[in-house]
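Student: Line by line, the protein sequences are chains S and V. Quick note: the first sequence uses the numbering used here, first residue 1, plus one each step. Quick note: the second sequence uses the numbering used here, first residue 1, plus one each step.
Treat the hints with caution; some may be incorrect.
[Said to hold, decoys possible] Partner residues aside, some chain V positions facing chain S, computed with beta carbon under 10 angstroms:
id	residue
1	Ala74
2	Glu127
3	Ala129
4	Trp130
5	Gly181
6	Leu239
7	Ala240
8	Pro244
9	Phe290
10	Phe292
[Stated by the list, open to error] Between beta-carbon pairs, the in silico distance windows are:
id	chain 1	residue 1	chain 2	residue 2	range
11	S	Gly112	V	Glu127	28 to 38 angstroms
12	S	Thr38	V	Ala284	52 to 62 angstroms
13	S	Glu59	V	Tyr279	49 to 59 angstroms
14	S	Glu59	V	Asp229	45 to 55 angstroms
15	S	Asp26	V	Gly210	40 to 50 angstroms
16	S	Ala323	V	Asp191	20 to 30 angstroms
17	V	Asn310	S	Thr218	51 to 61 angstroms
[To be verified] With the C-beta cut set under 8 angstroms, the calculated list includes, among others, these residues of chain S facing chain V:
id	residue
18	Asp22
19	Asp24
20	Asp26
21	Gln104
22	Pro105
23	Ala212
24	Gly215
25	Gln216
26	Ala323
27	Thr330
28	Phe367
29	Lys415
30	Gly419
31	Phe426
Hint data in this document are derived by calculation from the structure and do not stem from the laboratory. By construction, the Cβ of each residue, glycine as well, lies at the ideal position given by its N, Cα and C atoms.
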Amino acid sequence: MTKTHILPLILLFLASLLGGCDADIDAFSPDPGEADFTTFVSLGNSLTAGFMDGELYREGQHNSLANLLAGQFMHTGLEDFNQPLMHDDIGFGNRLILAEADGQPLPVPMPGTPDPENFENKYNDAGPFHNLGVPGARIQHLLFEGYATLNPYYQRFAADIPTSSIMGDALALNPSFFSLWIGNNDILSYALDSGEGEHILPPEDFRVAFQALVGQLTQQGASGVTANIPNITQIPFFATVPYNALLLTDPDVVALLNNAYAEAPHISFELGPNPLVVYDSDHMAGIRQLEKGELVLLSALNGISNEGWGSQEPLSGEYYLNAKQIEHVTNHVEAYNDIISETASNFNLAMTDVNQLLKDAEPGIYFDAIAFNTEFISGGVFSLDGIHLSARGYAIVANAFIEAINSQYQASVPKVAIGNYPGIQFP
Amino acid sequence: MRKMFLMVSWLVATSTMLQAGGYEVSLHGQRQVGMGLIGTSLTLDASAAFNNPGALAMMPGQLSVVGGINGVFASTAFQMEAPSVYQAKTDNPLSTPFHFYAAGMLTDRLAAGIAVNTPYGNSLEWEDAWAGRFLIQNISLMAITVQPTLSYRVTDMLSVGAGFVYAHGAVDMERALPIEGPDGEARLHIDGSTGNYGFNAGIQFAHPAGFQAGLSYRSQIDMEVEGGDALFSNIPSSLATAFPANNKVDVSLPLPANLDFGLSYQATPDLLVGMALHYVFWGAYDELVFDFEENTASLPDSYNKRDYSNTLIIRAGGEYRVTPEIYLRAGGYFDPTPVNSEYFSPETPSLDNLAFTGGVSFLPIPELSIDASLLYIIGLEEDMRYTPENFGGSYSTRIFIPGIGISYQL
Numbered sequence: 001m002t003k004t005h006i007l008p009l010i011l012l013f014l015a016s017l018l019g020g021c022d023a024d025i026d027a028f029s030p031d032p033g034e035a036d037f038t039t040f041v042s043l044g045n046s047l048t049a050g051f052m053d054g055e056l057y058r059e060g061q062h063n064s065l066a067n068l069l070a071g072q073f074m075h076t077g078l079e080d081f082n083q084p085l086m087h088d089d090i091g092f093g094n095r096l097i098l099a100e101a102d103g104q105p106l107p108v109p110m111p112g113t114p115d116p117e118n119f120e121n122k123y124n125d126a127g128p129f130h131n132l133g134v135p136g137a138r139i140q141h142l143l144f145e146g147y148a149t150l151n152p153y154y155q156r157f158a159a160d161i162p163t164s165s166i167m168g169d170a171l172a173l174n175p176s177f178f179s180l181w182i183g184n185n186d187i188l189s190y191a192l193d194s195g196e197g198e199h200i201l202p203p204e205d206f207r208v209a210f211q212a213l214v215g216q217l218t219q220q221g222a223s224g225v226t227a228n229i230p231n232i233t234q235i236p237f238f239a240t241v242p243y244n245a246l247l248l249t250d251p252d253v254v255a256l257l258n259n260a261y262a263e264a265p266h267i268s269f270e271l272g273p274n275p276l277v278v279y280d281s282d283h284m285a286g287i288r289q290l291e292k293g294e295l296v297l298l299s300a301l302n303g304i305s306n307e308g309w310g311s312q313e314p315l316s317g318e319y320y321l322n323a324k325q326i327e328h329v330t331n332h333v334e335a336y337n338d339i340i341s342e343t344a345s346n347f348n349l350a351m352t353d354v355n356q357l358l359k360d361a362e363p364g365i366y367f368d369a370i371a372f373n374t375e376f377i378s379g380g381v382f383s384l385d386g387i388h389l390s391a392r393g394y395a396i397v398a399n400a401f402i403e404a405i406n407s408q409y410q411a412s413v414p415k416v417a418i419g420n421y422p423g424i425q426f427p
Numbered sequence: 001m002r003k004m005f006l007m008v009s010w011l012v013a014t015s016t017m018l019q020a021g022g023y024e025v026s027l028h029g030q031r032q033v034g035m036g037l038i039g040t041s042l043t044l045d046a047s048a049a050f051n052n053p054g055a056l057a058m059m060p061g062q063l064s065v066v067g068g069i070n071g072v073f074a075s076t077a078f079q080m081e082a083p084s085v086y087q088a089k090t091d092n093p094l095s096t097p098f099h100f101y102a103a104g105m106l107t108d109r110l111a112a113g114i115a116v117n118t119p120y121g122n123s124l125e126w127e128d129a130w131a132g133r134f135l136i137q138n139i140s141l142m143a144i145t146v147q148p149t150l151s152y153r154v155t156d157m158l159s160v161g162a163g164f165v166y167a168h169g170a171v172d173m174e175r176a177l178p179i180e181g182p183d184g185e186a187r188l189h190i191d192g193s194t195g196n197y198g199f200n201a202g203i204q205f206a207h208p209a210g211f212q213a214g215l216s217y218r219s220q221i222d223m224e225v226e227g228g229d230a231l232f233s234n235i236p237s238s239l240a241t242a243f244p245a246n247n248k249v250d251v252s253l254p255l256p257a258n259l260d261f262g263l264s265y266q267a268t269p270d271l272l273v274g275m276a277l278h279y280v281f282w283g284a285y286d287e288l289v290f291d292f293e294e295n296t297a298s299l300p301d302s303y304n305k306r307d308y309s310n311t312l313i314i315r316a317g318g319e320y321r322v323t324p325e326i327y328l329r330a331g332g333y334f335d336p337t338p339v340n341s342e343y344f345s346p347e348t349p350s351l352d353n354l355a356f357t358g359g360v361s362f363l364p365i366p367e368l369s370i371d372a373s374l375l376y377i378i379g380l381e382e383d384m385r386y387t388p389e390n391f392g393g394s395y396s397t398r399i400f401i402p403g404i405g406i407s408y409q410l
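For reference, chain S alone in the conformation it holds in the complex (with noise of 0.2 angstroms):
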């Protein structure tokens, strides 16, 4: 060690002496790169509006997407975020909470009435919102001028209820950044369906929809941030029922269910795990038992556990995604992705790879010393609905919009701490 190096050493040592004998550490510094966060809107379905548990409610919402990137925004100089916050934690009323059944947290509807406050308009009490996330939205519902007509929660905070669009809102608070989540209500629809009536949007009328968005948000020079759409079989929602649900362990319930089923000698049971039953109106039997790789869907495991589904009963076809429906979903999701991908690119977006963060949470990733992964409640990414993330899975994947920010507008906004968020509460 030189002089140099010794003679500030010896200076530090006398001025920590005067300062005491606390230990100081160097702050990070916010900076907002070539992004200008001045007036941050935030456009999207579900997962933008802080959508958790089954409903859209008060605590959620303070722990929406939206929120938790302009709480980080306000560090690099955002001034005003505005939230069209629910009266209360129960919202529309359909919120799940845990409860102890046998033992075992399970899901049940949380009690109590929904107070009509909660469906009114909030627009001119307390408007104009940075937070246009809008539960149920499609992509091409957020240029639909009255869309607030068709869904009661943009109905409560449309600028003006027959006319207003979401993107109309949106650029009327002339934003200097925006995000933009959208596309998985197109996919989910379809899945949530079965695939029974609906079509997913074809992924060229996904394109003109995507790129007029991005075209009218960044029209005034605006920034922004996108992000991909995860696939159905990442979500538990379809991942946690598996094929062969149907676990025997009693030789006389073998032998029973054989019985039964024997006028359709293509359908057999042992111990262990079985198929589930299912109908299939393409089968030429019309029953069927599942094959490894189809999904089932979560709705379906209290008829499974109850009621004899997929047993005595055959598993109804709303309740099941078969080998080409899921490859029908797999090919939209890529097409989907591929088009973000390109038009975030071409607009010099941020991209936010939410389908990869997913697959590397799966078989769990800690962050912040907290261990995830993706089941369904003991996971704790994704909420009780098993569709939408929980507090902490919001966080996460705030901090993968917060990367793509930074790295494509050489940015230093912080990420957020994941434990300051509540975790799923058990009872």
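Model the placement of chain V on the given structure of chain S, informed by the hints.
Tutor: Structure of chain V alone, referenced to chain S:
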């Protein structure tokens, strides 16, 4: 003896520290502390029993008793890894490591002594609900050693010595679990104590021209807590079976071996200068394992990689006799961290330490010395992470340790 142990156990109750690298505590005498923690080659008094048993038979006089206590004011600051504005600090209680030595010459050449001190310990409390609470919220770790020692002067220039070491260790730690229920966040509290044996041996060389050299070795002692308490609190009732209420845990922590080499020189009758190399075999601390008696799917045994490396600490200092009644001392040392920066756990925020020391003694009568010391440690800020659980940031520490003691010799 009984009385001494009572005193010791009272001190233990309040004794907590984090002073040298890892969880080593090197406060083994006020005079040594004043001179940058050198001690291996010094034949000052009964403290040689610990610092170098080989030097004990060369102590001046026939009888020596030394006792002292230090107050450790330690503070650690944390800045989460970029990009983040999150910061946290420790709120540590005052800790008070102590030392007591007594020795006498049984014959012209044979000395016997005893050393009681606290060579290892660690105590910190992070602020409530800090971001690293799932790794550690607070910890109190301490080892107290009792060492009866014999030393024999082979010639006027050479003496040897060895001591038997009994170490008592206790650990008490708490961390949060990422599980939330009606009572808030769940916690795991671990509490246990144990004892084990080792040895301390050394050799001392003294040249009539005023040169002294010492070499000593303290063996590794493994502190193996068996059946310590593992108490889970705030566990939601729906998860109660996953976390057995009154579980037990085995946990083991090495007190690493030390190899010390010291050189000192009485330059003038008033001036003593010296240096020491303190080599710590931290490589023994590879993993911290919590082996729970009752495992469940949610509660497997916990393996936490540490991967420490051996370290060499370089120390230098000196003592100046101003008058026969007053001595002044100064010193310093550099203590590189034994911690692997990829496996840095905030339970032991040990950084590269740069330390400055000072000391003063006052002798109202020639037999009695009142000794004071001051040690100031700067833990140099550095980026560290616990990669297995993806928790990183930069840490910085400041430690301020005043100490007071007395020594009496005939």
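Student: If a hint holds in the structure, say so; if it does not, say that too.
Tutor: Hint by hint, here is what the structure shows:
Hint status for V:Ala74: holds, given a least beta-carbon distance of 8 angstroms to chain S, under 10 angstroms. Proximity of V:Glu127 to chain S is violated relative to the hint, the smallest CB-CB distance being about 12 angstroms (cut-off 10 angstroms). Against a cut-off of 10 angstroms between C-beta atoms, the interface hint on V:Ala129 holds, since the closest Cβ of chain S lies about 8 angstroms away. About 9 angstroms separates the beta-carbon of V:Trp130 from the nearest beta-carbon of chain S, less than 10 angstroms, and the hint is met.
Below 10 angstroms, beta-carbon pairs count as interface contacts, and V:Gly181 has one with chain S at about 5 angstroms; its hint therefore holds. Interface hint status for V:Leu239: upheld, as the beta-carbon distance to the closest one in chain S is roughly 6 angstroms, under 10 angstroms. The interface hint given for V:Ala240 is met, as the beta carbon of that residue sits about 8 angstroms from the closest beta carbon of chain S, less than 10 angstroms. For V:Pro244, the suggested interface contact is broken, since its CB lies about 14 angstroms from the closest CB of chain S, more than 10 angstroms.
Hint status for V:Phe290 relative to chain S: violated, with the closest Cβ pair at about 15 angstroms, above 10 angstroms. Annotation: V:Phe292 was flagged as interfacial toward chain S, and the flag is violated, the nearest CB pair being 17 angstroms apart, outside 10 angstroms. Between S:Gly112 and V:Glu127 the Cβ separation comes to about 36 angstroms, which falls inside the hinted range of 28 to 38 angstroms. Between S:Thr38 and V:Ala284 the C-beta distance comes to about 56 angstroms, which sits within the given range of 52 to 62 angstroms.
The hinted range of 49 to 59 angstroms is satisfied by S:Glu59 and V:Tyr279, whose Cβ atoms lie roughly 56 angstroms apart. Between S:Glu59 and V:Asp229 the beta carbons are some 36 angstroms apart, a value that contradicts the proposed interval 45 to 55 angstroms. The given range of 40 to 50 angstroms is respected by S:Asp26 and V:Gly210, whose C-beta atoms sit roughly 47 angstroms from each other. For S:Ala323 and V:Asp191, the Cβ-Cβ distance of about 55 angstroms falls outside the hinted range of 20 to 30 angstroms, so the restraint is violated.
The hinted window of 51 to 61 angstroms between V:Asn310 and S:Thr218 holds, with their beta carbons roughly 58 angstroms apart. Among the interface hints, the one on S:Asp22 holds; its C-beta lies about 5 angstroms from the nearest C-beta in chain V, closer than the 8 angstroms criterion. Interface restraint check for S:Asp24: the shortest CB-CB distance to chain V comes to about 6 angstroms, inside 8 angstroms, so the restraint holds. About 7 angstroms separates the beta-carbon of S:Asp26 from the nearest beta-carbon of chain V, less than 8 angstroms, and the hint is met.
Because the beta carbon of S:Gln104 sits about 6 angstroms from the nearest beta carbon in chain V, less than 8 angstroms, this interface hint is met. Of the supplied interface hints, the one on S:Pro105 holds, with its beta-carbon coming within about 4 angstroms of a beta-carbon of chain V, less than 8 angstroms. Interface hint at S:Ala212: violated, since its Cβ lies 33 angstroms from the closest Cβ of chain V, which is beyond the 8 angstroms cut-off. A distance limit of 8 angstroms between C-beta atoms decides the matter here; for S:Gly215 the minimum to chain V is near 30 angstroms, and the interface restraint is violated.
For S:Gln216, the interface hint is violated, since its Cβ never comes within 8 angstroms of a Cβ in chain V; the closest pair sits about 30 angstroms apart. A distance limit of 8 angstroms between C-beta atoms decides the matter here; for S:Ala323 the minimum to chain V is near 32 angstroms, and the interface restraint is violated. With a cut of 8 angstroms, the hint placing S:Thr330 at the interface with chain V is violated, because the nearest CB-to-CB distance is about 29 angstroms. Interface hint at S:Phe367: satisfied, since its Cβ lies 6 angstroms from the closest Cβ of chain V, which is below the 8 angstroms cut-off.
Taking 8 angstroms as the C-beta contact cut-off toward chain V, the hint placing S:Lys415 at the interface holds, the least distance being around 5 angstroms. For S:Gly419, the suggested interface contact is upheld, since its CB lies about 5 angstroms from the closest CB of chain V, less than 8 angstroms. A hinted interface residue such as S:Phe426 counts as satisfied when its beta carbon comes closer than 8 angstroms to some beta carbon of chain V; here the least separation is about 4 angstroms, so the hint holds.
The structure is inconsistent with the numbered hints 2, 8, 9, 10, 14, 16, 23, 24, 25, 26 and 27, although it conforms to all the rest.
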